[in-house]
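Last residue of the sequence shown? That's 402 in UniProt numbering, and every number before it is there in order.
Treat each hint with caution, since some may be false.
[Stated by the list, open to error] Computed spacing ranges between beta-carbons, pair by pair: (1) Leu85 with Gly105: 16 to 22 angstroms; (2) His369 with Lys315: 35 to 41 angstroms; (3) Leu255 with Asp284: 19 to 25 angstroms; (4) Asp284 with Leu223: 48 to 54 angstroms; (5) Ala132 with Ala103: 25 to 31 angstroms; (6) Gly81 with Arg172: 21 to 27 angstroms; (7) Ser88 with Ser226: 45 to 51 angstroms; (8) Ala139 with Ala103: 22 to 28 angstroms; (9) Cys263 with Glu323: 41 to 47 angstroms; (10) Met298 with Thr157: 43 to 49 angstroms; (11) Pro158 with Ser226: 58 to 64 angstroms.
Hints in this document: simulated from the structure, not taken from any laboratory. All figures in this text were calculated on a predicted structure; none of them were measured in a lab. Think of the CB as a built atom: it goes at the ideal place given N, C-alpha and C, for glycine as much as any other residue.
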Amino acid sequence: MQRLAGQRLQPRHAKAFHGAGAGARGLRRAVAARVARGPRAEVQQQQQQAQQQQQRALAQQDPFVAAALRLTRLVENVGDGEDELIESSLREEPPLSKLGLMAMGGGGIALAAVLVSALAGQDPLGGATLSAHSLGAAAVGAALALPLVAFRAYSWTPEAAEALPSLADMHRMMAEEAEPWLSRFNRGHLAAHAALETLPMTLLLLPAAQGGLAAAFEFWSSLLQSSLLGPGGGGAAAAAAAAAAATPQGLSAVLALLVTATCAGVVQSLNLVTDEEQLEVVRDAVQNADRYYRLTSMQVGSTADDATRASRAFKAVAVSWMEASEDASALAGAVTFVDVVMVSAIWYATGDLAAPAAAALAVAAVDYHHLHAAAARGGGRRGGKRGAEERRGPTRGESGSG
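Just need the whole structure built from these sequences, with the hints factored in.
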């Protein structure tokens, strides 16, 4: 477009262009439409090229910026082609198809929760019924969750990310996981997705897991009590020992809550852990950083001191990245632990599963609002070879050299 606008017309072209007739007028309209339309792809490509030039210029001045750019390339170029294909296919799936997959997964979780509750002799619905009482309990649960909702909303603010940088890393990793699912969603799809994920997990974590664990603790306590008493009933000392071994019902519930919350936190932490392949590539690059930068320092204008500074900067940036990933994963586990404890406390306080379900949905709504916004911006895509090539083209030999 710029070449067309800037080049001079040759005399023979000028005659055809400025001559009278329908052909000349049609050509002028086509050229005008081409210039006015302004192809978006060319504009975006020019912006990306300008941004890359600015980054390269800044990298030449600051070794830490250059180290960060190289680390980004290393991480982006690591990826499983099969995983990339699955995520790409998932992005292109219609929203209703994704919701169907979520419904099948949520249905399986709910069925497993009902079976566990039935085997443990617990109410699968945790006291919830189709009644005004449960409706009122849901309102109470939503009200009790307001402090947690406010805190969760604050955690997504720039001020919170500045105070605790691990929050920003955790949210970025959450966005990477959720982006293929939430792409092409509207608000209605988002609400359905949140309900299909949150409600089955509430059934699993509260009535099934905690109810089942509490029943198991009480059963083991009764077995221990029976073994201490013995077949003959024993004496006063045996009865006292059996009474001491018996687990109070409240203590069983507390133990079940702590075990469930801990397991949920560990699962969430492992879900957001950095890919082992990426960590291995970064570790190898750190080990070979000195040799890599000695080789790259052979270019004109570089010295051994420049190579040393660049190597130290890359090691510092890479170690900081690995530590930040670990901190973000641990923080995700801690947040999940607190969420389960708070929601469980609401359940025990109300005795109706509708209350913790409403509280969990209110908290999840905050996260899904921000995750959906990140998916709409396209900023949550997982790094990988395909994603890297789409953004800036392939870089050969980067991981192998260092």
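Inset, instruction - Check each numbered hint from earlier against the structure, then list the numbers of those it violates in ascending order. - result: Violated: hints 3, 7 and 9.
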